[in-house]
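Engineer: Let the hints inform the model, and build the full structure from the sequences given.
Chains L and A are the protein sequences, given in the same order. Per the numbering used here, the first sequence starts with residue 1, numbered consecutively. Per the numbering used here, the second sequence starts with residue 1001, numbered consecutively.
Be a bit skeptical, because a hint or two may be false.
Said to hold, decoys possible - Far from chain A, some chain L residues (derived; all Cβ distances over 12 Å):
| # | residue |
| --- | --- |
| 1 | 8 |
| 2 | 178 |
| 3 | 186 |
To be verified - To be clear about the criterion: a stretch of chain L counts as covered by chain A if any three or more of its residues have a C-beta under 8 Å from a C-beta of chain A, and this derived list gives those stretches:
| # | segment |
| --- | --- |
| 4 | 83-92 |
| 5 | 150-161 |
Everything labelled a hint here was simulated from the structure, so no lab data went into it. Virtual Cβ for every residue (Gly too), placed ideally from N, Cα, C.
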Amino acid sequence: MPGDVILRLEDVSAAYKGLRALQGVSLEVARGEIVAVVGANGAGKSTLLRAISGQVSTGGVITFDGKSLARVPPHQITRMGVGLVPEGRRLFPRLSVEDNLRLGAYARRGEADRFKPLDTVFALFPRLKERLAQRAETLSGGEQQMLAIGRALMTQPRLLMLDEPSQGIAPKLVDDILAAVARIRTDLGVTVLLVEQRLGEALALADRAYVLQTGRVVMSGMAADIAADDGVRRAYLGL
Amino acid sequence: MTLDTVLQVALSGLLMGLIYALVAAGLSLIFGLMDIVNFAHGELLMLAMYATVLLNAATGLDPLLQLPVVAVGMFVLGVLIYRCLIGRALGVQFNRGMVQIFVTFGLAIFIRGAAQLAFGGDFRSVNVSWLGNKTVHFGGVYVPLPQLAASLVCLVAFAALLGISRTEFGRALEATREDRDAVALIGIDRDRIFALGWGLGAAAVGIAGTMLATFYYVSPTVGANFALIAYVTVALGGFGSMTGALVAGVLIGEVEAVTAQVLEPSLKQVGMFAIYLVVLMVRPRGLFGKI
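Structural biologist: This is how it looks when you write it as structure tokens:
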């Protein structure tokens, strides 16, 4: 079990759009880990990330760095160091790539070096540097995903949560993006919580994984073990 | 019509139009930011006019000197309106659209009633003013100084609003208007942005009100007429567009002046609404609308 826990959920339940989406979920992420949450459509994966980022009200206990996130508004959770790359990316479509990135540092006004992560973002995604003046809405799906990750990195998170980063993206770019996620952990030391439908890729990238089914954690363990277990895959993941 | 008459009509249209533009800019800013029509916009104008008249009577200072005080006061009032009323209306669970319409509508009726109670129904005006009733003339064209000063101040205020939109805060405003839920992901408190947006919108109409009070009588119902013009201006220019508010404001000022000259002064609004109907039929999103 992880030692230095950065994120802990205890018996968390949540409803989303009137439906009970999470029931008694307990989960831990250690500093520096990549943890994957996998499961079929509708298992509650996105609701889990929404619950952590404060967008849905929850029962149970969620702590980040030892501090409770109960009743903390979403923008404060971001400022505490929890970055989210949401489903559908949610960029600001009419703003330029550069403005989308720079706004990521908006909450740090007054800090002299708040735009410093721009270099990191350009090193990870050189394409973004070529497209700085373009409106976000003119980017391809893969580039938009890169921009969404870059925007989240500009907030200087200690935990980065990604909701289906491979969704709607050309297969060639999926590899690039998942490779970037690996580098975000190794080069930047950012802890990663990854929700992903692509089981193989997610489990190959992660250290540990949780399997969600209809809002409950039905299995957890080393990612490699879960990947090797055909029974798990058939029983819970519909494969 | 002589050339002088043409120039005179064009000039009075322009001077009035710039004031309309600033009033409309405040309305458009709030609408563009959060899709809420402020039906109390005219009442904010009326409050700023009363504040100017009363301050003027109490201190004897020229309205131009009162401008910063009224603008800041209206900014604070705008923030308070958001914090106490609009923010709550956003959070309701049922019939949100209706609640959002009636909250500002109710506020308008409340402010108008309160003004009637506090100030009575009499017309009031600014007594002490450097420029009051003075005119200069170029050839045969007469330029009333209060109107000239008012339109110049409104133009400056308009430029300031455009300047703000180019700052980092302006981009945060734009981001909030594009996706009010996603700004939390970059640590922006949307309630703070909304409140500041209301503050700016109210300050804009407040500046227009102070300058208007230097040559226009004040009464509790004075806002209704200007608000109606502001709604037409915003729809004509395109909802949420600042450039649109400026162009449409001047256009409406001109059309009004020409109509008053060609038809009768009492029919001066006929032309403006005729243009408005034509634009709605030909180009429903307005001249500069994005939607």
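Engineer: Work down the list of hints and note, for each, if the structure agrees.
Structural biologist: Verification of the supplied hints:
1. Residue 8/L, annotated as away from the interface, keeps every beta carbon of chain A farther than 12 Å; the closest lies near 22 Å.
2. Non-interface status of residue 178/L relative to chain A is upheld: no Cβ of that chain comes within 12 Å, the nearest being about 21 Å off.
3. No Cβ of chain A comes within 12 Å of the Cβ of residue 186/L; the nearest lies about 24 Å off, and the non-interface call holds.
4. Coverage of the segment 83-92 of chain L by chain A holds. Counting CB-CB distances below 8 Å, 6 residues qualify, and the rule asks for three or more.
5. With a cut-off of 8 Å between beta carbons, the segment 150-161 of chain L has 4 residues touching chain A; three or more are needed, and the interface restraint holds.
When the structure is compared with the earlier hints, no violation turns up for any of them.
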